[in-house]
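Asker: We have chain A already, so just place chain B on it with the hints.
So the chains spell out like this:
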Amino acid sequence: MKKEFEPVIVAFCCHYCAYTAADMAGSMRLSYPPNVKIIRVPCTGKVDAIHIMRALQKGADGVYVAGCLEGDCHFKNGNIKAARRVKYVKQILDEIGIGRDRLEMITMSAGMGGRFAQTATEFTDKIRALGPNPTKRASIDELQEATG
Amino acid sequence: MITAERKPMEEIIACVKPYQRILLIGCNECVTVCAAGGRKEVGMLSSALQMAFMQAGKTLEIKELTLERQCDPEYIEELVGYIDHVDAVLSMACGCGVQEIARRFKDKHVYPAVNTKFMGASERQGMWAERCQGCGDCVLGITGGICPIARCSKRLLNGPCGGSGNGKCEISPDVDCAWQLIWDRLKALGMEDRYEEIMEAKDWRTSRDGGPRRIIREDLA
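Top line first, the protein sequences correspond to chains A and B. In this text, residue positions in the first sequence follow our numbering: the first is 1, and each later residue adds one. In this text, residue positions in the second sequence follow our numbering: the first is 1001, and each later residue adds one.
Check each hint, because a few of them may be wrong.
Unchecked claim - No farther apart than 27 Å at their CA atoms in a straight line, the calculated lysine-lysine pairs in the BS3-like style are these:
{"id": "1", "chain 1": "B", "residue 1": "K1108", "chain 2": "A", "residue 2": "K87"}
{"id": "2", "chain 1": "B", "residue 1": "K1007", "chain 2": "A", "residue 2": "K58"}
{"id": "3", "chain 1": "A", "residue 1": "K58", "chain 2": "B", "residue 2": "K1040"}
{"id": "4", "chain 1": "A", "residue 1": "K136", "chain 2": "B", "residue 2": "K1007"}
{"id": "5", "chain 1": "B", "residue 1": "K1187", "chain 2": "A", "residue 2": "K87"}
{"id": "6", "chain 1": "B", "residue 1": "K1063", "chain 2": "A", "residue 2": "K46"}
{"id": "7", "chain 1": "A", "residue 1": "K90", "chain 2": "B", "residue 2": "K1108"}
{"id": "8", "chain 1": "A", "residue 1": "K81", "chain 2": "B", "residue 2": "K1017"}
{"id": "9", "chain 1": "A", "residue 1": "K81", "chain 2": "B", "residue 2": "K1040"}
{"id": "10", "chain 1": "A", "residue 1": "K3", "chain 2": "A", "residue 2": "K46"}
{"id": "11", "chain 1": "A", "residue 1": "K37", "chain 2": "A", "residue 2": "K3"}
{"id": "12", "chain 1": "B", "residue 1": "K1058", "chain 2": "A", "residue 2": "K81"}
{"id": "13", "chain 1": "B", "residue 1": "K1154", "chain 2": "B", "residue 2": "K1063"}
{"id": "14", "chain 1": "A", "residue 1": "K81", "chain 2": "B", "residue 2": "K1007"}
{"id": "15", "chain 1": "B", "residue 1": "K1017", "chain 2": "A", "residue 2": "K90"}
{"id": "16", "chain 1": "A", "residue 1": "K90", "chain 2": "B", "residue 2": "K1058"}
{"id": "17", "chain 1": "A", "residue 1": "K136", "chain 2": "B", "residue 2": "K1040"}
{"id": "18", "chain 1": "A", "residue 1": "K3", "chain 2": "B", "residue 2": "K1058"}
{"id": "19", "chain 1": "B", "residue 1": "K1017", "chain 2": "B", "residue 2": "K1040"}
{"id": "20", "chain 1": "A", "residue 1": "K90", "chain 2": "B", "residue 2": "K1202"}
{"id": "21", "chain 1": "B", "residue 1": "K1058", "chain 2": "A", "residue 2": "K136"}
{"id": "22", "chain 1": "B", "residue 1": "K1187", "chain 2": "B", "residue 2": "K1007"}
{"id": "23", "chain 1": "A", "residue 1": "K136", "chain 2": "B", "residue 2": "K1117"}
{"id": "24", "chain 1": "A", "residue 1": "K90", "chain 2": "B", "residue 2": "K1040"}
{"id": "25", "chain 1": "A", "residue 1": "K46", "chain 2": "B", "residue 2": "K1040"}
{"id": "26", "chain 1": "A", "residue 1": "K90", "chain 2": "B", "residue 2": "K1063"}
{"id": "27", "chain 1": "A", "residue 1": "K136", "chain 2": "B", "residue 2": "K1063"}
{"id": "28", "chain 1": "B", "residue 1": "K1040", "chain 2": "A", "residue 2": "K76"}
{"id": "29", "chain 1": "A", "residue 1": "K90", "chain 2": "A", "residue 2": "K46"}
{"id": "30", "chain 1": "A", "residue 1": "K58", "chain 2": "B", "residue 2": "K1108"}
{"id": "31", "chain 1": "B", "residue 1": "K1063", "chain 2": "A", "residue 2": "K58"}
{"id": "32", "chain 1": "B", "residue 1": "K1117", "chain 2": "A", "residue 2": "K58"}
{"id": "33", "chain 1": "A", "residue 1": "K37", "chain 2": "B", "residue 2": "K1040"}
{"id": "34", "chain 1": "A", "residue 1": "K58", "chain 2": "A", "residue 2": "K3"}
Simulated from the structure, these hints should not be mistaken for laboratory data. Being a predicted model, the structure only gives us computed values, none of them experimental.
Pulled out of the complex, with its shape left as it was, chain A reads as follows:
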């Protein structure tokens, strides 16, 4: 029986907003897909382009960076810098055929538990529809050929 594809999503979440919002989602008893693996960062400004690239290279099917709403960054403008880096990496992903849609920048406040659960669900659905990370596709094809 063919197993349905379940994507691995890496979410870089700012300690001051999205990470707390995820906590809030838990307190509110809101569920979100277990596909989302959260990495807590002190600020999304700490997320370097290479962190995103390595996540995708090592097998993540999608990555999103979740930071504070514009103007609310605890460190003044880390979220703005993160958004610029996300845009830059999206261009590279397009250039190498991975596609920009596997990466997103999302903003929210610490109180938005509902938004956290909703965006986690929406992003997971989007990546599920896109299918596995193309870097893995070659090895999946090989495996399927070998096993018939």
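Answerer: Okay, now just chain B, sitting in the frame of chain A:
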């Protein structure tokens, strides 16, 4: 500094396609400062190339290395231990670095990963602009510290031309008229008389017109 920009991925991928093991070398000097070929960019390019290969079901083994400088033989020598284990070298340094590696390792295929652009300065974070063309006979002392060779589109020595309007050059509203800048600065410094002096035709033999240039310091050589 010497500025550079990464080549399009498509071009870089086409260069390294025939190989299984490459040495990807960054440079800690100018290209690090202009964010084109330092340690960070080496990491990014390495990751991007490996992903591009993985999609095709192939693997590309990349040894990442960033030298202090690629334009000095002392630092190039550090590659000796690695060079025999790779099929090709991809350099993220300016054209000088790429050539030095090619000169030292004559039987190795060497490719540039960046396009070397110009000698420039940082205008603000993430923006670099041309400031010097290395003409070999500096006139900045006469022109108020603003170079008409590098910053005037026509390299006029006695400007401005008719294409100057509202302080901008006719080629683009984003380009300042160098001669407007020169005049403004000379005026601010009370050195208007300098502007009245007609500069004679420049001897371009000190520039590229004299062929490839070389500096020899007898006390050091």
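Asker: Going straight from one Cα to the other, do A:K81 and B:K1007 come out at no more than 27 Å?
Answerer: holds (24 Å)
Asker: Need the status of pair B:K1063, A:K46: alpha-carbon distance at most 27 Å?
Answerer: At roughly 26 Å apart (the allowed maximum being 27 Å), A:K46 and B:K1063 satisfy the hint.
Asker: Would you check the hint for A:K81 and B:K1040, treating anything up to 27 Å between C-alpha atoms as holding?
Answerer: holds (16 Å)
Asker: If you draw a straight line from the CA of A:K37 to the CA of B:K1040, is it 27 Å or shorter?
Answerer: Cα-Cα ~25 Å, so holds.
Asker: Please verify whether B:K1063 and A:K58 have alpha carbons no more than 27 Å apart.
Answerer: Answer holds: B:K1063 to A:K58 is near 17 Å, not above 27 Å.
Asker: Is it true that the CA of A:K90 sits at most 27 Å from the CA of A:K46?
Answerer: holds (18 Å)
Asker: Does A:K58 pair with B:K1108 here, judged by a C-alpha cut-off of 27 Å?
Answerer: Distance ~30 Å between A:K58 and B:K1108 Cα, so the pair is violated.
Asker: So if I understand the rule, the pair passes when the alpha-carbon distance is 27 Å or less; does A:K37 with A:K3 pass?
Answerer: This hinted pair holds, its Cα atoms lying about 21 Å apart.
Asker: Could you grab the alpha-carbon distance between A:K90 and B:K1063 and see if it respects the 27 Å cut-off?
Answerer: Roughly 25 Å separates the two Cα atoms, so the pair holds.
Asker: Is A:K3 close enough to A:K46, meaning Cα to Cα at most 27 Å?
Answerer: Roughly 37 Å separates the two Cα atoms, so the pair is violated.
Asker: Hint check: B:K1117 vs A:K58, CA-CA at most 27 Å. Holds or violated?
Answerer: Answer violated: B:K1117 to A:K58 is near 34 Å, above 27 Å.
Asker: For A:K3 and B:K1058, compute the direct alpha-carbon distance and say whether it is at most 27 Å.
Answerer: Between A:K3 and B:K1058 the Cα gap is close to 25 Å, so the pair holds against 27 Å.
The structure fails to meet hints 1, 5, 7, 8, 10, 12, 13, 20, 22, 23, 30, 32 from the earlier list, while all remaining hints are met.
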